[in-house]
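Undergrad: Using the sequences and the accompanying hints, generate a full structural model.
Spelled out, the chains give:
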Amino acid sequence: MKKENDQETELLVPSKTALEQERKILLALGTDIARVREKTDLITLFSKRIRSFFYFTHTIVTLIESKDETYTPFLLDHEHSPIFGHNRYGEMVAAHFSLNEPFIQAVLQADGPISFLLEDIMDKPQSPAFLRVNYERGVREILMTTLRNEEKPVGFIHIYTDREDGFSDEFRSIIKGITPQLASAVANIIKNEEILNKEKEKSFLLDFSRDISAVRTKEDLAFAVNTGLSKLNALRGYVIRKINEDGESLSTYIYDPGIANFDDPEWVALTTARFPLNDGLQSRVLESYIPLLFSVEREVQRGITSSYLHYWKKVGYKTMVGIRLHYGITNLGILWLGIEEINIQLLQGICFQISVAMANIMANEQVEKTQQEQAFLLDFSNDIAQLKTKADLETAIFKVLGNALHSKLSMIRLIADDGVTMPAYMFDNTLFVKAGITFDQMANSVITIDEPYTAQVLASQDGVVFNIEEELKGGSAYAKLWETTGLKNVYALPLRAGNKVLGTIWLHSDWLSQLVLRGICAQISVAIANIQANEKLLAYKKQLEVENDYLKEQIKTIYNFSEIVGTGEAMQEVYRLMSIVAPTNSTVLVLGETGTGKELIARALHNASPRKDKLMVKVNCAALPTNLIESELFGHERGAFTGALDRRIGKFELANHSTLFLDEIGELPLEAQSKLLRVIQERELERLGGKQTIKVDVRLIAATNRNLEEEVKAGRFRADLYFRLNVFPVNLPPLRDRQEDIEPLIHFFVDKFSKNTGRKIRKVSPKVIQQLRSYSWPGNVRELEHLIERSVLLSTDGVLQDVFIPKQTATDKQDLSFILNRTLEEVERGYIVEVLKRCAGKISGPGGAAELLDVPGNTLHSKMKKLGITKAEYFA
Amino acid sequence: MKIVVIGGTGLIGSKVVAHLRQWGHQVIAASPNTGVNTITGEGLAEAMKDTDVVVDLANSPSFEDKAVMEFFQTAGHNLLAAEINAGVKHHVALSIVGTDEMQNIGYMRAKLVQEDLIKKSGVPYTIVRSTQFMEFLGGIAGEATRDNEVHLSAVQFQPIAANDVAMFVAKAVVEKPLNGIMEIAGPERFKMYEIVERYLKAINDPRPVIPNGASRYFGGDINDGSLVPAGKASLGELNFEKWIASQLVKA
Numbered sequence: 001m002k003k004e005n006d007q008e009t010e011l012l013v014p015s016k017t018a019l020e021q022e023r024k025i026l027l028a029l030g031t032d033i034a035r036v037r038e039k040t041d042l043i044t045l046f047s048k049r050i051r052s053f054f055y056f057t058h059t060i061v062t063l064i065e066s067k068d069e070t071y072t073p074f075l076l077d078h079e080h081s082p083i084f085g086h087n088r089y090g091e092m093v094a095a096h097f098s099l100n101e102p103f104i105q106a107v108l109q110a111d112g113p114i115s116f117l118l119e120d121i122m123d124k125p126q127s128p129a130f131l132r133v134n135y136e137r138g139v140r141e142i143l144m145t146t147l148r149n150e151e152k153p154v155g156f157i158h159i160y161t162d163r164e165d166g167f168s169d170e171f172r173s174i175i176k177g178i179t180p181q182l183a184s185a186v187a188n189i190i191k192n193e194e195i196l197n198k199e200k201e202k203s204f205l206l207d208f209s210r211d212i213s214a215v216r217t218k219e220d221l222a223f224a225v226n227t228g229l230s231k232l233n234a235l236r237g238y239v240i241r242k243i244n245e246d247g248e249s250l251s252t253y254i255y256d257p258g259i260a261n262f263d264d265p266e267w268v269a270l271t272t273a274r275f276p277l278n279d280g281l282q283s284r285v286l287e288s289y290i291p292l293l294f295s296v297e298r299e300v301q302r303g304i305t306s307s308y309l310h311y312w313k314k315v316g317y318k319t320m321v322g323i324r325l326h327y328g329i330t331n332l333g334i335l336w337l338g339i340e341e342i343n344i345q346l347l348q349g350i351c352f353q354i355s356v357a358m359a360n361i362m363a364n365e366q367v368e369k370t371q372q373e374q375a376f377l378l379d380f381s382n383d384i385a386q387l388k389t390k391a392d393l394e395t396a397i398f399k400v401l402g403n404a405l406h407s408k409l410s411m412i413r414l415i416a417d418d419g420v421t422m423p424a425y426m427f428d429n430t431l432f433v434k435a436g437i438t439f440d441q442m443a444n445s446v447i448t449i450d451e452p453y454t455a456q457v458l459a460s461q462d463g464v465v466f467n468i469e470e471e472l473k474g475g476s477a478y479a480k481l482w483e484t485t486g487l488k489n490v491y492a493l494p495l496r497a498g499n500k501v502l503g504t505i506w507l508h509s510d511w512l513s514q515l516v517l518r519g520i521c522a523q524i525s526v527a528i529a530n531i532q533a534n535e536k537l538l539a540y541k542k543q544l545e546v547e548n549d550y551l552k553e554q555i556k557t558i559y560n561f562s563e564i565v566g567t568g569e570a571m572q573e574v575y576r577l578m579s580i581v582a583p584t585n586s587t588v589l590v591l592g593e594t595g596t597g598k599e600l601i602a603r604a605l606h607n608a609s610p611r612k613d614k615l616m617v618k619v620n621c622a623a624l625p626t627n628l629i630e631s632e633l634f635g636h637e638r639g640a641f642t643g644a645l646d647r648r649i650g651k652f653e654l655a656n657h658s659t660l661f662l663d664e665i666g667e668l669p670l671e672a673q674s675k676l677l678r679v680i681q682e683r684e685l686e687r688l689g690g691k692q693t694i695k696v697d698v699r700l701i702a703a704t705n706r707n708l709e710e711e712v713k714a715g716r717f718r719a720d721l722y723f724r725l726n727v728f729p730v731n732l733p734p735l736r737d738r739q740e741d742i743e744p745l746i747h748f749f750v751d752k753f754s755k756n757t758g759r760k761i762r763k764v765s766p767k768v769i770q771q772l773r774s775y776s777w778p779g780n781v782r783e784l785e786h787l788i789e790r791s792v793l794l795s796t797d798g799v800l801q802d803v804f805i806p807k808q809t810a811t812d813k814q815d816l817s818f819i820l821n822r823t824l825e826e827v828e829r830g831y832i833v834e835v836l837k838r839c840a841g842k843i844s845g846p847g848g849a850a851e852l853l854d855v856p857g858n859t860l861h862s863k864m865k866k867l868g869i870t871k872a873e874y875f876a
Numbered sequence: 001m002k003i004v005v006i007g008g009t010g011l012i013g014s015k016v017v018a019h020l021r022q023w024g025h026q027v028i029a030a031s032p033n034t035g036v037n038t039i040t041g042e043g044l045a046e047a048m049k050d051t052d053v054v055v056d057l058a059n060s061p062s063f064e065d066k067a068v069m070e071f072f073q074t075a076g077h078n079l080l081a082a083e084i085n086a087g088v089k090h091h092v093a094l095s096i097v098g099t100d101e102m103q104n105i106g107y108m109r110a111k112l113v114q115e116d117l118i119k120k121s122g123v124p125y126t127i128v129r130s131t132q133f134m135e136f137l138g139g140i141a142g143e144a145t146r147d148n149e150v151h152l153s154a155v156q157f158q159p160i161a162a163n164d165v166a167m168f169v170a171k172a173v174v175e176k177p178l179n180g181i182m183e184i185a186g187p188e189r190f191k192m193y194e195i196v197e198r199y200l201k202a203i204n205d206p207r208p209v210i211p212n213g214a215s216r217y218f219g220g221d222i223n224d225g226s227l228v229p230a231g232k233a234s235l236g237e238l239n240f241e242k243w244i245a246s247q248l249v250k251a
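Protein sequence lines correspond, in order, to chains A and B.
By UniProt numbering, the letter at position 277 of the first sequence is numbered 277, and the numbering carries on one by one without gaps.
By UniProt numbering, the letter at position 39 of the second sequence is numbered 39, and the numbering carries on one by one without gaps.
These are computed hints drawn from the structure, not numbers from a lab.
Note that CB positions come from ideal geometry on N, CA and C, so glycine has one too.
Heads up, a few of these hints could be off.
Which residues of chain B face chain A? A few of them, derived with a C-beta cut under 7 Å, are [unchecked claim]:
hint : residue
1    : H25
2    : A29
3    : G41
4    : A45
5    : A81
6    : G87
7    : S234
8    : E237
9    : N239
To give a feel for the contact side, a few chain A residues facing chain B, derived at Cβ under 8 Å [stated by the list, open to error]:
hint : residue
10   : D68
11   : N100
12   : S288
13   : Y289
14   : I290
15   : F294
16   : R298
17   : E341
18   : I342
19   : R496
20   : N585
TA: In structure tokens, the structure reads:
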């Protein structure tokens, strides 16, 4: 039975020595207890001190937990406890014993220590189990004392003994005496523990904060987190997951190197996987203001299928704590801890630090990424800038999309010239293979700017992102097609160059940066605009080439042999020479009076040569100022002389692989002659002021109305040049020597000018022909041409009645009077000399003077002998 | 069963805890003083471990509109999240009759938010809506006193004794979740000024009560019947007479 000490102590009269002993013990204990700071010290000191006066087996202190009205062991004496080896010892140490049962209520109600014989109480239905456990190890009696703090019960001192004689009254009295001190010692210990814990937390957070403040990169953070978290008690592992850029999934950001297992493919897969944010677990953490403790088993039973949860189960994690990492209102990710309990202050502190570091790193990474994106765009820009053709563009686009952006081009559509239809311009013919859509089908599908998706894109400033999943919900037919690509989004942007909308571009990707996307589209727009411009340019160029060919053809028909009118003997000779020399590369020197058609001959030679496909280049040596001739012929570099503002290609270079016609070669200044000679000899030239030697392949045709031999003699023309040019001379006869050609020429020019002026000249009167034939034609064919032109213009009806042969000039009149004052012999002599001259000294035979004078050759011979005409006279 | 009573040390909470313990349940009287804080989350996960039923009787420390809203929102959010994680099978909460009718009053808006959080949480629940407690009568009188006169509204008023509230709540805890709302009230209906007048008389308070004809409560206009149950309600056992008698004995 329980017995309370008060009745008995009151009956006994304590001896003086007993009181003295009690006082000593109390004093000593008081000193001991005041020194106590550590949990175990109290029990050790208490046991040791008391044990020296009284016998007991062991003592423990239990504390009351008010929230569930229980008491639980707080201070234990493992050393002396007889139940230490009991198989229920662990259970006892952790147990919460109810305050709502008679045994402990009796203790609470007692005013001081109260003892119980275990035998009496241990088997009562509500009695706490520790009574029986102690009894089983030989304990027979228990002395319970309530510890109070400000009158409120806070715990108990349990003192056990295995002796039958139990606890003496003196012992009870001492225990009662020291109870208040013990109570305050326990309170001190509790406070001290609290303070220590807080200190520990604070110093932990301080250390962590110091480590974190040095963090610059993800690797730094991983190191700091590992250093910090490894100090947490009972942490089995951790992982930080970061919300991905899509905002819909999380991926491993930092993991505990202590649990890394690269041999386990499942673990490796977890470190790279993207876990959907709304998997029923992560969403709960991210929505929670406080750390959440999860029972792995319960969440599995709840039906959550996330692979990481099942992995946790597999590796034997029972509970996990998830804490959201956030910066301001932005969620960054989750810290998962393999831990059994939550220390809110500490975890919030840790997570705050990690969040700040993460936000900083992400901001840094963003800056870096933006820079990379810009660099990337610059590269792309460089690639694009060099593009000329659509094929180049296609290569560049596919390269940049596939390699750098993990995206696919679905389609570029350009608005056609009608402004409404949008035919396909470029597309990836492999993209929809899975959907069974072929290249041709894609190419043939033409839509208009009013197609709903297209209209939406064209109306947008920076394009539209279509989430394929969302679009599918709307039942879009396009979305079903898009879905087959396996990529999440379609990015559609309008292509604009300046103010002009070119079309649309459609890309498939899981995610694309806005900056890159906009940048690329701007580049592609410009490239397409350039290519289109280039294509137009090429088209124009082609057209011009065709036109040019046509014009050349025209020129050819105008200037060809058939253009040369006249079938007279003199011309036949010219034709013969021409047909010999034309196909060769030989230099030709065309000689003849002014207006005899030297240029016509030169063109005919060119057109009959293998070089006819290129234009003949003509230089009129007489028409150029001396100081410009060289630059005209050989070109000059920029700055070669004052006024040489640009590089200029000379006529020689221009005539490369063609013919250069040097008209009026006799007028060429001496200085230029030597240079020309060099070019002819070396077949290469240097531009004025230039260092580079340029090889040229030019055929030369030179023409002059001067007598070059005389010019050479007079020193005005270089002999060596003359010999170079005079390889194959062609002499053009003057018109007065081509009497028989005059009539065909008249008809030719009449026709020509009739056509040009629109006047129909049906007939040329015989009188006119007679007049023209008798004229001496100092201006040769050119004079005839101009005369006919003038006459055609002046003619009033369809018949050319009059020609306007120039009136006799003063010299002519002089000539006439000179003739009139001479004797017949003198006139005869003069005339014969003149004719001989025209016939180049030929007396008889075809083209001889005898023929011209219509006398037999012998008659002319004898006449010349008679009149004393010497060779020197007509070979002058 | 293991039952956690949030606000378990308060007026109603302590009584509920006592009842449940008496019925042999393992009860945790949770409050910031006992180391369970629904705002900071401290001790919450630990308390929820193996818990079958959670009773939320916590009240905001401040009645200012914004603070009240923040309190019920945060506390409700945290508590329910912890309950879901711990697999709690029943959430019992105490609310106020007419909450949805008096949305012009900040406190009522906050209570409705609390109710809505519970309804959509997925945790099986019972919401007990109570009329005002008889224990508030002194406070109501004090609040309405101007120049030593108590000016009070004539709206219908059906106060219930805290002991009855605690019993209803405790019973709701051991019953199956209603997944709905039950209303409780006192056994008698008065005009507000009437009952306060009787109360003051009973405690020998000399202040006169003057009906002002206004329909106001908690600083907001209300309807005549807003504070009393509109339909069927469970009525408490203690009428005013019995209650006041017990109060006087205690004093």
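Undergrad: Decide, hint by hint, whether the structure agrees.
TA: Verification of the supplied hints:
Taking 7 Å as the C-beta cut-off, the interface hint given for H25/B is violated, the closest approach to chain A being about 10 Å. Taken as an interface hint, A29/B checks out: its beta carbon lies about 5 Å from the nearest beta carbon of chain A, inside 7 Å. For G41/B, the shortest C-beta to C-beta distance to chain A is roughly 3 Å, which falls under 7 Å, so the interface hint holds. Nearest Cβ of chain A to the Cβ of A45/B: about 4 Å, under the 7 Å cut. The hint holds.
For A81/B, the interface hint holds, the least distance from its beta-carbon to any beta-carbon of chain A being 5 Å, beneath 7 Å. Taking 7 Å as the C-beta cut-off, the interface hint given for G87/B holds, the closest approach to chain A being about 5 Å. A hinted interface residue such as S234/B counts as satisfied when its beta carbon comes closer than 7 Å to some beta carbon of chain A; here the least separation is about 28 Å, so the hint is violated. Here the hint on E237/B is broken, as its CB sits about 25 Å from the closest CB of chain A, past 7 Å.
The closest approach between the C-beta of N239/B and any C-beta of chain A is roughly 32 Å, which is over the 7 Å cut-off, so the hint fails. Contact between D68/A and chain B, as hinted, is supported at the beta carbon level, the nearest pair being about 5 Å apart and thus within 8 Å. Contact between N100/A and chain B, as hinted, is supported at the beta carbon level, the nearest pair being about 6 Å apart and thus within 8 Å. Checking S288/A against chain B by beta carbon gives a least distance of about 5 Å; that is within 8 Å, so the hint holds.
Using the Cβ-Cβ criterion of 8 Å, the hint placing Y289/A at the interface with chain B is satisfied: the shortest such distance is roughly 6 Å. Using the Cβ-Cβ criterion of 8 Å, the hint placing I290/A at the interface with chain B is satisfied: the shortest such distance is roughly 3 Å. About 5 Å separates the beta-carbon of F294/A from the nearest beta-carbon of chain B, less than 8 Å, and the hint is met. Because the closest C-beta pair between R298/A and chain B is about 5 Å apart, less than 8 Å, the hint holds.
Given hint, E341/A at the interface with chain B, holds; its Cβ is 6 Å from that chain's nearest Cβ, closer than 8 Å. About 5 Å separates the beta-carbon of I342/A from the nearest beta-carbon of chain B, less than 8 Å, and the hint is met. Taking 8 Å as the C-beta contact cut-off toward chain B, the hint placing R496/A at the interface is violated, the least distance being around 47 Å. A least Cβ separation of about 100 Å between N585/A and chain B goes past the 8 Å threshold, and the interface hint is therefore violated.
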